[in-house]
Amino acid sequence: MFDLKLGWDVTAFGGNNFAAQGLTLFTLRNGSPKGMPYEKCYAEKIMHVRDAQVTPMHFHWRKREDIINRGGGNLIVELWNAGIREQTEDSDVSVVIDGCRQTHAAGSQLRLTPGESICLPPGLYHSFWAEEGFGDVLVGEVSSVNDDDHDNHFLQPISRYNDIEEDEPALLVLCNEYRLFR
Numbered sequence: 497m498f499d500l501k502l503g504w505d506v507t508a509f510g511g512n513n514f515a516a517q518g519l520t521l522f523t524l525r526n527g528s529p530k531g532m533p534y535e536k537c538y539a540e541k542i543m544h545v546r547d548a549q550v551t552p553m554h555f556h557w558r559k560r561e562d563i564i565n566r567g568g569g570n571l572i573v574e575l576w577n578a579g580i581r582e583q584t585e586d587s588d589v590s591v592v593i594d595g596c597r598q599t600h601a602a603g604s605q606l607r608l609t610p611g612e613s614i615c616l617p618p619g620l621y622h623s624f625w626a627e628e629g630f631g632d633v634l635v636g637e638v639s640s641v642n643d644d645d646h647d648n649h650f651l652q653p654i655s656r657y658n659d660i661e662e663d664e665p666a667l668l669v670l671c672n673e674y675r676l677f678r
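Sequential numbering from 497 applies to the sequence shown in this note's numbering.
Just to be clear, a hint being listed does not mean it is correct.
Claimed, not checked - Restraint-style ranges between C-beta atoms, simulated for each label pair: (1) E535 with P665: 31 to 41 Å; (2) D632 with S604: 21 to 31 Å; (3) M497 with S604: 33 to 43 Å; (4) R581 with R560: 17 to 27 Å; (5) L668 with G595: 30 to 40 Å; (6) S590 with L667: 20 to 30 Å; (7) G595 with L667: 39 to 49 Å; (8) D663 with R581: 39 to 49 Å; (9) G611 with S655: 12 to 22 Å.
Claimed, not checked - No farther apart than 35 Å at their CA atoms in a straight line, the calculated lysine-lysine pairs in the DSBU-like style are these: (10) K559 with K536; (11) K559 with K530; (12) K501 with K559.
Worth flagging that the hints you see were computed from the coordinates, not collected in a lab.
By construction, the Cβ of each residue, glycine as well, lies at the ideal position given by its N, Cα and C atoms.
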C-alpha cells in the first residue's frame, strides 16, 4: 500500500481554492514504476470531480489512460498535443472515444456523458472538469502504471500535492503523506 501509493489523495494542486481547482482521488490498484517487486503493469483510480471543479492542464510522459465517466453529470475534457518544448501545439488531436478513433482540432472540449470514455496517450495535454450545472461526476481511470511523483507535467507550474497544516490528528492519511508514517 505504501510503496504503490494506494489510497486517498485530495489535492488543490498547490492552490487554495479546492472548489474551483481540485480533485479527490482513490487509487485502488497500481504497479511499481520500477517493475519489481510489484509486476502489475496497470493502475486503477476512482475520482470525484465536483461541479465546475477543474483539474489543470497536464500530460504524462509514460502513462496511457482511459478516463471513464462512471456517473453523475457530464465530464468536459480539453485536449492539446504537447510540442517539443512542452507547450501546447496547434495541431489536430487524435483520440479514441468508446473504441472509435476521432480527430479534433487543438483545444477542443469534448463532452463525456455517463458511460462514455476516452483513451489518452502519453504526451497529450488534458484538462477536465464537471460541466457546470450538471452536477458532480464519478470518474474511473484505468491506466498503465501510475507515478504521480515523476510522470506529470503541468502546463503552468503548480504542485501536484498540497501542504497540509494539521490542526488535529489525521483520521485518514493521504497517499503523499505515507512517508511521514513509515
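Hint check:
For the pair E535 and P665, the beta carbons lie near 36 Å from each other, so the given range of 31 to 41 Å is met. Hint check: D632 to S604, Cβ distance near 23 Å, so the stated range 21 to 31 Å holds. Evaluation of the 33 to 43 Å hint for M497 and S604 yields a pass: the beta carbon distance comes to about 38 Å. Between R581 and R560 the C-beta distance comes to about 22 Å, which sits within the given range of 17 to 27 Å.
Here the CB-CB span from L668 to G595 is close to 37 Å, well matched to the stated 30 to 40 Å. Range check, S590 to L667: Cβ separation about 44 Å, and the 20 to 30 Å hint is violated. Here the CB-CB span from G595 to L667 is close to 41 Å, well matched to the stated 39 to 49 Å. Restraint check, D663 to R581: a C-beta distance of roughly 42 Å satisfies the suggested window 39 to 49 Å.
A C-beta distance of roughly 33 Å is found between G611 and S655, which places it outside the suggested range of 12 to 22 Å. Between K559 and K536, the direct Cα distance comes to roughly 14 Å. Compliance with the 35 Å bound is thereby established for this hinted pair. At roughly 14 Å between alpha-carbon atoms, K559 and K530 fall within 35 Å of each other, so this suggested pair holds. Taking the CA atoms of K501 and K559, the gap is near 16 Å; set against the 35 Å cutoff, the hint holds.
Hint compliance for this structure: hints 6, 9 are broken, all remaining hints hold.
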